[in-house]
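These protein sequences, in sequence, are chains A and B. Residues in the first sequence are numbered from 0 upward in steps of one, following numbering that gives the first Met the number 0. Residues in the second sequence are numbered from 0 upward in steps of one, following numbering that gives the first Met the number 0.
Calculated directly from the structure, the hints in this document are not laboratory data. No experiment lies behind these values; they were computed from the predicted model shown. Be aware that a few hints might be false.
Said to hold, decoys possible - Pair by pair, the computed Cβ-Cβ distance ranges are: (1) R44/A / G114/B: 26 to 32 Å; (2) R44/A / A261/B: 18 to 24 Å; (3) R143/B / D142/A: 35 to 41 Å; (4) R28/B / A29/A: 33 to 39 Å; (5) R202/B / P51/A: 48 to 54 Å; (6) G50/A / R143/B: 16 to 22 Å.
Virtual Cβ for every residue (Gly too), placed ideally from N, Cα, C.
Take a look at the letters that make up each chain.
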Amino acid sequence: MMGEQPFETIVGAHHAEIYRYLRRVTARPAEAEDLSQETFLRAYRAYRTLGPDANVRAWLFTIATNLSRNHFRSEKRRRVAHQAVSVERREADPEGPEDEARFGEARARLEATVRALPLKQRLAFVMRKIHDLDYEAIGRSLDCSAESARAHVFQALRKIRLSLNGHELPAGGGAATSPLGMERPR
Amino acid sequence: MTRKPQMCLEIEPDLVAAATGDAEPGAARRVEHHIDACGACRREFHRYREIEGVVGALRRVPAAAGEALAREGLESRLADLRSRLVSYRVFPSPLGHILIARSEHGVSLVEYLHGRADLRASRLSRVAGVELQEDGAEIETLYRELLEYLRGDRTRLEWPIDLRLARSDFHRAVLRATAAIPYGAVTSYAGIAVEIGRPAATRAVAQALRWNPLPIVVPCHRIIGTSGALTGYSGDRVGLKQQLLAVEGIRAIGPRSDSRVARNTLYHYDRNDQREYCLPTCGDIARRPIGPVTLLASRELAGSLGLVPCTSCRPDLHPLAA
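Required output: the full structure, derived from the provided sequences and hints.
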């Protein structure tokens with residue numbers, strides 16, 4: 000039974016990743032700190048009831064996602080978050096050689112765009128593209144089907160594409176040019 | 000701006016997925032065919048490839064600053080939660096509804112709810128500083144053992160216990176001394192007072208047991224008056240005490256208001272150097288106060304406590320009727 004595994008093991012294995020996830024979807028470190036702690040406190044209350052085959056990682060993402068959604072439900076908080084994003088965008092100007100700078104700039108713009116995405120798209124995008132969760136798990140986290148989760152990621156990428164319009168980007172990931180050659184290894 | 004052809008609009012989701020390494024094989028093949036023929040979509044495809052490159056860089060960003068701090072904060076909040084979290088469940092039992100609660104240290108409360116079957120009837124709902132959680136599996140096991148005990152199929156509840164709900168160190172000392180009274184034996188409040196080195200504190204002992212947070216587990220039903228009267232139990236529910244004693248082979252007689260253990264059906268042990276136990280008919284032993292005298296339900300129990308049969312009344316030769 001899952002409950003036999005000491006909770007410390009779960010914290011040790013997953014805290015860093017959950018914190019990074021929350022850091023990406025929230026505007027301020029303090030929010031990520033609080034939400035990540037809250038995620039594990041909730042998990043502690045419930046982990047004894049997990050089945051033996053439960054996917055603990057996906058389960059923690061679900062808790063963190065639910066907490067984020069509750070957190071952002073208040074319009075006011077959302078506004079504050081957006082203001083924080085625009086401040087951060089100004090701070091994120093990179094320095095250094097031209098290529099690196101171009102990359103840094105693209106990354107900063109991407110990060111800013113991600114933070115400005117509608118919440119579900121942002122959560123789905125970060126879970127899929129940064130943390131590599133499958134669409135079934137993302138759907139469970141967002142209370143929607145795997146197909147809707149996929150659609151959220153698609154919409155997020157379209158918006159990112161638009162926000163990067165006219166910006167020169169470093170050539171993308173290697174020599175492959177065929178769609179068939181581009182399936183990411185699982 | 001010209002409108003995109005329908006075919007390009009339809010394939011867009013697959014195109015984005017394929018360019019970002021996220022397409023099913025079938026979809027990827029369709030995209031490949033399409034961009035062979037459509038220059039605009041091929042450019043889109045490459046643009047998304049570039050974007051995927053930047054996203055990849057995002058994935059490789061080193062561990063976020065602040066993680067260690069957040070972890071540290073979590074450890075302290077977890078420690079706090081652990082010390083406060085109490086899980087409980089309410090169960091039906093032959094003695095009415097019973098609430099069992101446990102903390103991370105052990106079982107902290109067993110409570111008769113007297114007819115009502117919800118948390119509001121419990122003193123748990125009035126304890127400050129605890130976080131209550133209705134829980135399943137772990138407490139279910141305790142419950143099953145308790146039922147076995149009440150049926151007489153089990154003589155020990157070897158549960159880790161958490162005495163933090165006891166009201167004082169004095170109460171805890173009383174509860175520990177009471178927990179040491181074996182199954183099938185009976186002593187008195189005065190006996191416990193002597194045991195904890197406070198011979199004058201008989202009333203305070205009775206009071207401590209009145210607030211016993213762990214009845215049955217800490218067997219306060221085995222503690223009676225020096226005369227043999229059952230006195231009180233869980234308010235005025237002497238009947239429960241009688242039932243619990245009966246399970247252990249100790250019979251009570253008399254009306255409910257004045258019921259007392261039937262001493263003539265029990266072996267007696269009055270502390271002596273030879274460690275001899277007696278029949279109730281041995282001299283005046285049945286008239287001596289309980290406390291100094293311990294009552295025992297069976298010869299097996301006497302044997303397990305290292306006692307030997309009295310050489311004058313010979314309980315080994317004349318056992319009491321079971």
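Taking the hints in turn, this is what the structure says about them:
Judged by the Cβ atoms, the range 26 to 32 Å given for R44/A and G114/B holds: they are separated by roughly 30 Å. Roughly 49 Å separates the CB atoms of R44/A and A261/B, a value that falls outside the hinted 18 to 24 Å. R143/B and D142/A have their C-beta atoms about 37 Å apart, which keeps the hinted 35 to 41 Å range intact. A beta carbon spacing of about 47 Å between R28/B and A29/A contradicts the range 33 to 39 Å that was offered as a hint.
A hinted range of 48 to 54 Å for the beta carbons of R202/B and P51/A is consistent with their spacing of about 53 Å. For G50/A and R143/B, the hinted distance range of 16 to 22 Å is satisfied, since their beta carbons lie about 21 Å from each other.
The structure fails to meet hints 2 and 4 from the earlier list, while all remaining hints are met.
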